[in-house]
Amino acid sequence: MHTQPSAPDPDAILDDLCARHGTRQDQLLPLLHALQERLGYVPPHLVQPIAQHFNLSRAEVHGVITFYHDFRSAAPARCVVKLCRAEACQSMGGDRLLAHAQQALGCGLHGRSADGGVALEPVYCLGLCASAPTMTVDDQVFARVTPARFDAVLADVTHVQTAEAV
Amino acid sequence: MSTRIYVPCDSAALAVGADAVAARIAAEAARRGLDIEIVRNGTRGLLWLEPLVEVDTPQGRIGFGPVEAADVAGLFEAGFHDSVDGNHALALGLVEQIPYLARQQRLTFARAGITDPLSLDDYEAHGGYRGLRNALLKTPEEIVATVTASGLRGRGGAAFPTGIKWNTVRKAPGTEKYIVCNADEGDSGTFADRIVMESDPYVLIEGMTIAGIAVGATRGYIYVRSEYPHSIRQLEAAIATATQRGYLGRSLLSSGRSFELEVRKGAGAYICGEETALLESLEGKRGIVRAKPPLPALAGLFGKPTVINNVLSLATVPIILDKGAQYYQDYGMGRSRGTLPIQLAGNIKHGGLIELAFGVTLREILVEYGGGSASGRPIKAVQVGGPLGAYLPESQWDTPLDYEAFASLWAVLGHGGIVVHDDSADMAKLARYAMEFCAVESCGKCTPCRIGSTRGVEVIDKIRAGAQPAQQVVLLRDLCDTMLYGSLCAMGGMTPYPVLSALNHFPEDFGQPSAGERAA
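For the protein sequence lines, the chains are A and B, in the order given.
In terms of our numbering, the first sequence opens at residue 3 and continues consecutively.
In terms of our numbering, the second sequence opens at residue 74 and continues consecutively.
FYI, nobody ran anything at the bench for these hints, they're computed from the structure.
Label pairs and their in silico Cβ distance ranges:
1. B/Glu309 / A/Arg98: 31 to 41 Å
2. B/Ala313 / A/Asp140: 22 to 32 Å
3. B/Ala146 / A/Pro149: 26 to 36 Å
Here are some chain B residues pointing at chain A (derived, C-beta under 10 Å):
4. Ser84
5. Val89
6. Gly90
7. Ile421
8. Ala498
The beta-carbon is built from N, C-alpha and C at its ideal position, and this holds for glycine as well.
Model the full structure from these sequences, guided by the hints.
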C-alpha cells in the first residue's frame with residue numbers, strides 16, 4: 003500500500019504559490035503547473051480560490067484546466083506511462099507496442115492497471131521520431147521501445163515503487 | 074594528460090541510455106585508474122548512432138556507437154580511450170568524416186554535438202555571440218535590412234519572410250513590444266527545435282536578443298511544449314548563465330540596450346503551435362485561435378506589437394549577422410534561400426538531422442542519407458511537413474526540397490520533418506488518424522475543424538468497413554473541401570492534405586480502383 007508520510011495541505015500550498023506568482027493572468031498556467039507538480043493534480047475545490055486570486059470567473063479557470071491535456075482534476079496513478087501515438091511511432095510498430103502495453107497492464111488507453119498503480123495514456127510526439135517507438139514513464143523518456151524493453155522498464159519502475167512503499 | 078570522452082546529453086541520447094553509459098565509463102575508468110574527463114555534449118544529429126560516444130584524439134574526435142552500458146567494459150578492453158584501436162565493432166572513425174555529417178551544410182547547427190551546450194565559453198570559442206556584437210554596431214534598420222537581404226523565411230512552416238515581419242514590428246508605434254519564440258514543436262517527425270534548445274541553447278538566446286534590439290523589444294518569451302522537459306531545463310540554465318555573464322538583462326554587454334528572457338511551459342495542446350493560440354496561452358487563457366487581422370506584429374502578446382518566430386528562424390539569425398546576408402543567401406534555390414534543417418524520421422535506417430541548402434531532392438535524402446527503410450521493406454509513402462503535411466508516393470520523390478516546388482505538388486515543406494512509412498502502412502488508416510488527431514486537438518473555435526474532423530473519422534470508418542465506399546468517398550472529398558476553405562487556421566485547413574493525398578495516391582487502400590485500373 004502506498005502511503006504518504008504527511009499529506010500536503012492543498013489550500014496552504016495554493017496560498018504559498020499565489021503569493022509567489024502574482025495576480026496577472028499570464029501567471030495562471032505557471033501556477034497550475036506548479037500546483038500540479040506539488041499535488042499531482044488540481045483539486046476541483048481550488049478552482050474557486052484560484053479564480054478569486056486572478057480576478058477571473060470560475061468558468062474561465064475551469065475552461066483553462068479542461069482545455070489543456072496536461073492538467074488533471076483527480077489524483078494520478080502512482081506511475082503514468084505515456085505511449086507516443088503519432089505517425090513516426092506508428093511507422094515503427096507503435097500499434098503493436100500499444101497492444102502489448104494494453105495486454106501487459108490489462109487496461110486500455112486512458113485506463114489503469116488492475117491494481118490501479120499504473121496509468122496508460124497517449125501522447126502525441128516526444129520529438130524522438132528518429133528513434134521510434136517512444137514512451138515516457140513519469141519524467142523519464144525511452145526510445146526504440148520493443149515489447150521486451152517495455153516489460154523491463156515497467157518491471158524496474160514497479161519494483162522501485164514497491165520497495166519505496168514498504 | 075587526461076583523455077576527454079564525450080557522451081551526449083540530448084533527449085534522443087538520454088532516451089536510449091546515455092546517462093547509464095556515462096556512469097559506466099566513469100566507473101570503469103576509476104576502476105582502471107585512468108585519467109579521463111567526461112563532457113556531456115549535445116547531439117550531432119546522427120540519431121541512429123545514439124548514444125554516440127566520442128574520444129578526443131590529436132587527429133580529431135573518434136566515434137563509437139550506438140554504445141550501450143554493457144559495451145563499455147569491452148571498449149576499455151579494446152583501448153578505445155587510447156584511441157589506438159579502430160577495430161572495435163562499434164568504431165566509426167573520425168566523426169567529422171562520417172559521410173552523413175561530412176556532406177551536410179551546417180549553418181544553424183554549426184555547433185550542435187561539438188560543444189558542451191551549457192558552456193558559454195565553449196559557445197564563444199565556436200563563433201558564438203559574434204552576431205550579437207555585430208548587431209550592436211548597427212542601427213535597428215540595418216539589422217532588419219540584413220535579415221531581409223539574407224532571404225530567411227519562417228522555418229516554422231509558413232515560410233513568411235522574417236525580415237518583413239520584423240520591419241512591421243520595428244515600425245509599429247509603441248514602446249512595449251515583445252519577442253516570442255514558438256518552441257511548441259508538436260509535429261510528429263520534427264525535432265530540430267528540440268536539438269537547438271538542448272544542444273545549442275545560446276544560439277536561440279542570441280537570436281532573440283538580436284531580434285529584440287532590431288525591433289525595440291526588451292522582453293522575450295520562449296514557449297516550450299511540456300513534452301520537452303529537458304529542453305526547458307537546458308534553456309533555463311543557459312538563460313541564467315547568460316544573464317549572470319551580462320549577455321542578457323539591463324544594458325547587455327554595456328551597450329545600453331536591455332533584453333530579458335523567460336521560458337514558459339505549454340500544457341499539452343498541439344494547437345498552441347499556431348501562433349495566435351500560443352499568444353492566448355501565454356496570456357493565461359485557453360489556446361483558442363484568434364482571427365487575423367490584426368496581425369500579431371501589430372497587436373500580439375498583451376495586445377502589443379510582437380515578433381513571433383519559430384526556434385529555427387531565430388537560431389539562424391546569429392550566423393546571418395555574423396557572416397553577412399550574402400553568405401546565407403548564397404545557399405539555396407529560387408526563393409528558398411539558405412539551409413533547411415531536415416528531420417528524417419519514422420521507418421528509416423539512418424534517421425537524424427540533415428541540414429542542407431534548399432534544393433536537395435527527397436530521394437537523395439531517403440536513399441543516400443536514410444539508407445532505405447529500417448524494416449528493410451520498400452518505402453511506400455513519406456509524409457513531409459508534420460501531421461498536416463501531404464503523403465508523397467515514390468513518383469514525387471524527385472521533387473527538390475523548396476517551398477514553391479512543394480506547393481506546386483499540393484504538398485508542404487513545413488518545418489522540414491519527413492516521416493517514412495514502409496509498404497505495410499495502411500494509408501486509409503493514416504488518413505483516419507489525421508482526422509482523429511484533428512478532432513482531439515482542435516481548439517473548437519471554428520465549425521469546419523471542430524465538427525468536420527469528427528465527421529471525417531466517421532466517413533473514413535465507413536469507407537474502411539466497405540459501407541457504400543464510392544458514395545462515402547464523394548462525401549469525404551466534399552468535407553475536405555469545406556475544411557480547406559472554411560477553417561480559421563491551418564489545423565482544420567490543412568488536415569485535408571494528408572487525407573486527400575493518401576486517397577489520391579493510394580486509392581486501393583480505400584477500396585477504390587487504383588490509378589492504373591481507372592485508366593484501363
